[in-house]
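Could you put together the complete structure from these sequences and hints?
Heads up: the protein sequence lines correspond to chains L and C, in order.
If you want our numbering, it's the 1-based position in the first sequence plus 545.
If you want our numbering, it's the 1-based position in the second sequence plus 90.
A couple of the hints might just be wrong.
For lysine to any residue, the following SDA-like pairs were computed, each having C-alpha atoms within a straight-line distance of at most 20 Å [stated by the list, open to error]:
(1) C:372 <-> L:735
(2) C:290 <-> C:327
(3) L:870 <-> C:220
(4) C:372 <-> L:734
Here are a few chain L residues that face chain C, going by a calculated C-beta distance under 7 Å [said to hold, decoys possible]:
(5) 739
(6) 741
(7) 742
(8) 743
(9) 747
(10) 749
(11) 750
(12) 751
The following residues of chain C were derived to be distant from chain L, with all beta-carbon distances above 10 Å [as the list claims (entries may be wrong)]:
(13) 151
(14) 236
(15) 324
(16) 351
I should point out that these hints are in silico values taken from the structure, not numbers from a laboratory.
This one's a predicted model, so the numbers in the text were calculated from it and none came from an experiment.
Ideal Cβ positions, reconstructed from N, Cα and C, are used throughout, including at glycine.
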Amino acid sequence: MALFFIILRLGVFSALLLLILSSVQKDRRHIFIAGAFAAVLGAVLAVVAFPVSGPKQGLLAAFLVWSHLLLLYLSMPVPKGYFPYIAVFFMLSPAWFHACLTVLDSAALTGASAYGAAAAGLLLSLGTAAYGSRPVSKMDLSRFIDNRSVYVILAAIWLVWSGAGGQDSGRLVALIQQTIASFLSSFIPFMRETLLFPEAGSILSPAEGPFEFLSSERMAMAVTAVLIFLPPVSAFVRLLLSREPDVGNVDKKAVRRKLISIHRDELLRRGTPLLVSFLVGVISLHAVNLEARPSYDPEPVPVIAVGDIVTIPLKDVTGDISDGKLRKYSISYGKDTLRFMVIMRPDGEIAAALDACEVCPPRGYIQRGGHVICTYCNTPIAVSSIGSPGGCNPIPLVYETRGDALLIKKSEIITAYRREAGKETGSVLR
Amino acid sequence: MKLFRHYISGEATLCFLAILSGMGIISSYGTGEGRHDITAAFQKGLWLSGTTILFSLHLLLKGVYSIIRRDGRRYGAAVVYISLGIMLSGLLFSIHFRQTQVLRAEESDMPARLLIRSLRLDMPSSVLAVGETVDMERVSASAIIEDEGRRMEVSAWPFVNTSGGLAHINDAGMTPILYISIAGKRTLLPKIQVLPPNRKESFGLGNGYHVDVSLAHERAFRKGRLLARSYNLRDPSYHIVLKKGGRVILDRVLKEKEQAGIGDVSISVAGTKKWVELAVVKDRAVFIIYAALIGLALGPVLHIADIFIFQSGQSRNKPI
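The structure is reproduced here in structure tokens:
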């Protein structure tokens with residue numbers, strides 16, 4: 546079933562590419578359709594029918610998948626300055642490979658039944674292309690898309706389209722980032738060894754910082770961002786730099802204005818898909834990196850004070866406080882409920898603070914990685930700085946540790962709230 | 091000529107990049123049973139190496155052709171192409187023909203032809219281990235070596251050119267000199283690397299005896315709920331556990347010149363020797379790769395300079 550969805554997805558995506566390409570380049574429409582589907586069909590059947598292993602399998606799969614894309618690419622006249630398109634190429638490649646690998650693995654696993662699934666998927670995608678191409682081919686997409694921007698737009702569609710079904714549910718941006726991170730984490734140590742830098746045992750090595758940075762997740766994210774943003778930005782800049790029509794030899798002012806207006810309208814039309822592609826890239830990258838570092842907003846645990854003392858166990862059903870996770874507690878005070886938080890900082894110290902700061906309305910904080918984020922102003926506060934007063938930092942609380950428990954005075958919580966927040970307890974924190 | 095133009099075209103660059111990255115990705119991720127290491131793939135198979143050679147040649151020719159065709163303008167891109175081509179060739183050469191000899195030696199040792207005259211290790215006065223992580227200062231090391239009558243100082247980087255190849259220090263540490271005496275028979279324990287902390291080395295001594303050696307911490311303290319340990323590497327203590335038939339018969343922390351024993355068994359720490367791991371590499375491609383990296387850095391600078399300095403000057407001189 547998974548194979549069916551993957552082949553279907555590949556097929557439908559191919560159909561979508563072809564519809565756009567054939568609309569831009571009407572005279573080559575049949576070549577696109579025949580070529581691309583032959584490549585997809587050839588790839589699937591060859592892999593299913595002739596299973597090979599080792600480097601030959603890699604070569605075969607690489608050739609088949611890339612021949613498909615290259616056929617599409619080489620059918621187009623390459624505009625000047627093709628570097629941005631290399632980026633698009635690489636942006637597309639991990640997803641294609643991921644899909645291809647899943648196909649290869651599935652094919653090896655399911656054997657003869659893969660034929661049926663692959664054929665059904667291809668038939669469906671072929672049907673989609675056959676019926677879909679009629680209405681779309683009547684549209685003149687070339688008004689909006691030119692040779693420069695077509696790949697950028699295809700990449701944006703792929704960004705949205707990826708992860709639509711089957712086992713291949715990973716987001717494309719995440720896949721690109723993982724692939725780049727994997728490449729960097731093997732290539733940079735290889736370069737380090739080749740350039741005769743020590744392999745960071747216990748020895749102090751020069752340029753250790755740069756090497757670590759180059760093979761880090763942050764670098765992978767930066768490269769991903771460049772790959773995603775370079776094509777639309779480059780195409781957009783080229784569009785903006787295009788010359789206005791020469792109207793010097795036109796006598797009538799009205800005609801001149803009209804010609805310039807037509808040119809500007811065209812710029813707007815052609816620029817809009819590029820801007821949309823850029824926005825799709827921004828949202829995709831942001832979404833993936835938010836997913837990679839999910840927000841954590843625990844439900845406050847109600848506690849009561851015995852006398853004036855609130856006892857917070859350092860180890861409870863949610864685990865040990867040394868896990869570095871944010872813990873929230875709430876305590877009743879008259880009609881109000883006051884929230885406070887406890888967290889272990891990276892240096893091993895425990896910090897207790899109100900779930901509010903001196904500046905913002907008391908909406909509280911969520912944890913994301915090594916930061917807590919104020920949910921009102923979105924300011925990230927480093928966990929290591931919790932316990933220090935000022936700005937949007939959570940208002941610190943004084944506490945004592947006794948055995949496996951943290952003791953906080955209830956009066957301290959109320960006083961801190963009144964004094965630091967400058968608010969009356971009439972404001973409900975929760 | 092037409093074939094040559096196709097070979098050096100932008101489309102060909104894309105084809106090569108596509109095939110190489112595809113092969114690389116599939117080799118590293120693998121498919122089914124075909125998962126294998128990318129470096130091994132380069133070393134064993136001619137597919138990757140052959141494609142890389144063709145790609146390197148493509149880049150070199152593209153760079154040279156770019157210089158000729160552009161009639162002396164815009165060198166930046168050409169420099170990048172040529173540098174990339176040279177770097178890839180150098181990497182390939184290095185993968186296939188590099189010979190590395192790793193020599194662990196102490197002061198006055200003579201590994202192969204390289205005599206270590208003196209050794210200097212700056213050991214950190216203390217390192218901190220918190221939980222599983224070790225906040226460790228690195229060891230700074232340098233050694234004076236003698237090679238065919240020539241004396242030279244070798245450190246982690248840069249490497250020095252010796253008769254055996256390019257030499258540099260790859261790792262350094264210390265070894266406790268441990269003697270164990272069983273029924274009057276004194277034996278020197280094998281060399282042990284006790285760096286970093288949290289590492290234990292175990293040896294079977296025969297007759298059912300077994301010894302565990304690790305670096306002992308000087309003090310332990312709590313930071314919040316985390317336990318931290320401090321180790322002194324300048325004057326280290328060793329935690330030695332002697333077992334017989336799986337049962338602990340001796341568990342002591344010993345400093346240098348101290349000994350402990352039970353019955354007819356005794357263990358003594360005679361001292362601590364500092365060692366250094368010297369890597370001697372025969373690979374002339376290293377210089378080529380360094381030169382290519384300089385070219386890669388210079389290329390974009392030249393390109394930008396060309397756009398903003400030379401071309402703007404030319405345009406000012408043009409008649410309007």
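Now the hints, each set against the structure:
{"no.": "1", "hint": "C:372 <-> L:735", "in the structure": "holds (16 Å)"}
{"no.": "2", "hint": "C:290 <-> C:327", "in the structure": "holds (13 Å)"}
{"no.": "3", "hint": "L:870 <-> C:220", "in the structure": "holds (18 Å)"}
{"no.": "4", "hint": "C:372 <-> L:734", "in the structure": "holds (19 Å)"}
{"no.": "5", "hint": "739", "in the structure": "holds (5 Å)"}
{"no.": "6", "hint": "741", "in the structure": "holds (5 Å)"}
{"no.": "7", "hint": "742", "in the structure": "holds (6 Å)"}
{"no.": "8", "hint": "743", "in the structure": "holds (5 Å)"}
{"no.": "9", "hint": "747", "in the structure": "holds (5 Å)"}
{"no.": "10", "hint": "749", "in the structure": "holds (4 Å)"}
{"no.": "11", "hint": "750", "in the structure": "holds (5 Å)"}
{"no.": "12", "hint": "751", "in the structure": "holds (5 Å)"}
{"no.": "13", "hint": "151", "in the structure": "holds (17 Å)"}
{"no.": "14", "hint": "236", "in the structure": "holds (21 Å)"}
{"no.": "15", "hint": "324", "in the structure": "holds (14 Å)"}
{"no.": "16", "hint": "351", "in the structure": "holds (32 Å)"}
Checked against the numbered hints given earlier, this structure breaks none of them.
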